[in-house]
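Student: The primary structure of each chain is shown beneath.
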Amino acid sequence: MKTLVLVEHDNASVKDATLSAVTAAAKLGEVHLLVAGSGCSAAAEAAAKIEGVGKVHVADDPAYEHQLAENVAPLAAELMKDHDAFLAPATTTGKNIAPRVAALLDVMQISDILSIEGEKTFTRPIYAGNAIATVESSDPKLVITVRGTAFDKAGAEGGSGTVEAVSGAGDAGISSFVGQELAKSERPELTSAKVIVSGGRALKDAATFEEYIMPLADKLGAGVGASRAAVDAGYVPNDYQVGQTGKIVAPEVYIAIGISGAIQHLAGMKDSKTIIAINKDEDAPIFQVADIGLVADLFKVVPELTEKL
Amino acid sequence: MKILVPVKRVIDYNVKPRVKADGTGVDLANVKMSMNPFDEIAVEEALRIKEAGKAEEVVAVSIGPAKAQETLRTALAMGADRAILVQTDDEVEPLAVAKILKAIYEAEQPGLVILGKQAIDDDSNQTGQMLAALTGRPQGTFANDVEIDGESVTVKREIDGGLETVKLTLPAIVTTDLRLNEPRYASLPNIMKAKQKPLDTKSPADYGVDTAPRLKTTNVSEPPVRQAGVKVADVDELVAKIKALGIA
Numbered sequence: 048m049k050t051l052v053l054v055e056h057d058n059a060s061v062k063d064a065t066l067s068a069v070t071a072a073a074k075l076g077e078v079h080l081l082v083a084g085s086g087c088s089a090a091a092e093a094a095a096k097i098e099g100v101g102k103v104h105v106a107d108d109p110a111y112e113h114q115l116a117e118n119v120a121p122l123a124a125e126l127m128k129d130h131d132a133f134l135a136p137a138t139t140t141g142k143n144i145a146p147r148v149a150a151l152l153d154v155m156q157i158s159d160i161l162s163i164e165g166e167k168t169f170t171r172p173i174y175a176g177n178a179i180a181t182v183e184s185s186d187p188k189l190v191i192t193v194r195g196t197a198f199d200k201a202g203a204e205g206g207s208g209t210v211e212a213v214s215g216a217g218d219a220g221i222s223s224f225v226g227q228e229l230a231k232s233e234r235p236e237l238t239s240a241k242v243i244v245s246g247g248r249a250l251k252d253a254a255t256f257e258e259y260i261m262p263l264a265d266k267l268g269a270g271v272g273a274s275r276a277a278v279d280a281g282y283v284p285n286d287y288q289v290g291q292t293g294k295i296v297a298p299e300v301y302i303a304i305g306i307s308g309a310i311q312h313l314a315g316m317k318d319s320k321t322i323i324a325i326n327k328d329e330d331a332p333i334f335q336v337a338d339i340g341l342v343a344d345l346f347k348v349v350p351e352l353t354e355k356l
Numbered sequence: 013m014k015i016l017v018p019v020k021r022v023i024d025y026n027v028k029p030r031v032k033a034d035g036t037g038v039d040l041a042n043v044k045m046s047m048n049p050f051d052e053i054a055v056e057e058a059l060r061i062k063e064a065g066k067a068e069e070v071v072a073v074s075i076g077p078a079k080a081q082e083t084l085r086t087a088l089a090m091g092a093d094r095a096i097l098v099q100t101d102d103e104v105e106p107l108a109v110a111k112i113l114k115a116i117y118e119a120e121q122p123g124l125v126i127l128g129k130q131a132i133d134d135d136s137n138q139t140g141q142m143l144a145a146l147t148g149r150p151q152g153t154f155a156n157d158v159e160i161d162g163e164s165v166t167v168k169r170e171i172d173g174g175l176e177t178v179k180l181t182l183p184a185i186v187t188t189d190l191r192l193n194e195p196r197y198a199s200l201p202n203i204m205k206a207k208q209k210p211l212d213t214k215s216p217a218d219y220g221v222d223t224a225p226r227l228k229t230t231n232v233s234e235p236p237v238r239q240a241g242v243k244v245a246d247v248d249e250l251v252a253k254i255k256a257l258g259i260a
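Which chain is which? The protein sequence lines are A and B, in order. Under our numbering, the first residue of the first sequence carries the number 48, and numbering increases by one thereafter. Under our numbering, the first residue of the second sequence carries the number 13, and numbering increases by one thereafter.
Bound conformation, chain A alone (with noise of 0.2 Å):
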């Protein structure tokens, strides 16, 4: 079987998230890559070095600068036909791009796959993660998102892809991108670090959140994480958001500060290695799924246990 994954990168580098979408890609046969972007060459040779890669089809334009989804899949529709599978990370871009791919190609994606069962038989989550489906796919291509933290990373180097230009329509004409505010963190990005330190709605506000969840973080040089409720009330911004509707992690250490672990918030951790819940709530949800928990005021024990690790 041949495959296309789709690579996320900024033009310049490649992103973490395509790594594992490659390892997933390999499973299924010969792994070929898309980098659609705009002087984007640099990436495209960041691409060529993965692990396993056979071919990089590079289309660079500045229809495809951002990535939108309606100039990029036309593009990747018009190289499956030499495909069998086409597969990307699920990230927000992937999620954007690939079901518009699936639709022009008639075919169903199969989104977030957890594993490979077979050449056409995936699992995945469905129910906020309660209940995990085997689907078997009957139609003639693939199609297929896959979950970050469900498959190794392939190694970024010691791949020897052959680069090959290629070219699609260009700008479809009826959408273009007016900027961009992306949060600024000198902390490990979330969904690829090793420990988070995850706050909740007992935070009571930005400062709070400010001042006992981050010095935490810092002794563990772990990602920043927040429930939906911190969120919403504003203590950080949206991309920190863990959860069903926001990044699914799986780091080896996840310690979840006056978090209650609503059904939601669970779908995007608790397939974390291992869980600490702090809480003083004695029957709260989070308990059920934490390995070591204790139950406390975090006011008082946050700022002791940064100070004692």
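Simulated from the structure, these hints should not be mistaken for lab results. None of the values given here were measured: they were computed from a predicted structure. Mixed in with the good hints there might be a few duds.
Said to hold, decoys possible - Residues from chain A that face chain B, not an exhaustive set, calculated with beta carbons under 8 Å:
1. Q156
2. S158
3. A230
4. E299
As the list claims (entries may be wrong) - If you want the ones that stay clear, here's a sample from chain B, every Cβ over 10 Å from chain A, calculated:
5. A33
6. D34
7. M45
8. R60
9. A64
10. A78
11. K79
12. A115
13. G162
14. P195
15. R196
16. P201
17. N202
18. L211
19. D218
Stated by the list, open to error - Straight-line distance between alpha carbons at most 27 Å, and here's what the computed DSSO-like set of lysine-lysine pairs gives:
20. B/K179 - A/K62
21. B/K28 - A/K320
22. A/K49 - A/K74
23. A/K327 - B/K28
24. B/K253 - A/K241
25. B/K243 - A/K241
26. A/K188 - B/K228
27. B/K32 - A/K167
28. B/K253 - A/K320
29. A/K355 - B/K243
30. A/K231 - B/K179
31. A/K327 - B/K243
32. A/K266 - B/K253
33. A/K128 - B/K228
34. B/K255 - A/K320
Don't be surprised by glycine CBs; every beta carbon is placed ideally from N, CA and C.
Please arrange chain B on chain A, whose structure you already have, making use of the hints.
Tutor: Just chain B, lined up with the frame of chain A:
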């Protein structure tokens, strides 16, 4: 301008789903069902655009069993003008839903279609994008802010690293993220009034769409259960445990 809002009847988001012992699916018998939360946000946004004088009519659509009528009545009680139920007892996949919606789109000629970004039952996150592809229209997925200006719509989108703003030529397809708005509650008088609003019932065949599934679900199982944990008595014990994990 007319706004089309597809809504889905799903298990209530507060209910913990139970997997059937025979692995055929999730048990939905006697379980509370509600409008998909992202769709409530979509209805709310459509109503706000109408209230701002930028749309004349809001049409709610649902595809599903006869009971999906209740979901449409909820949308009508919130303020939608009329509703279309495409009735079927089969489970309809996002691709087929998108095809039915495309046919409705062509019949209704809306200026904007607002959908939820994903349904909380199948967690697919596909329908809006597929509808955009099938109609050849632009898509503003995971919308955090929607601003109509003349012939275009500016959508602020929630992306992994922060926010991104795109400008789309109308007609456009928008999918809602959680922070787009706070949906209103339907008041009792409005719930009563909603019973009088028009609701058309159709079938997938009326639109010439084949709803046969492309994906066969061979098994549905419980996710792996986590081992029971321990509770520690104080911070010192917690520090010792964290140090034992080798991260500090």
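Student: For a quick check of understanding: which of the numbered hints are violated here, in increasing order?
Tutor: Per hint list: zero violations.
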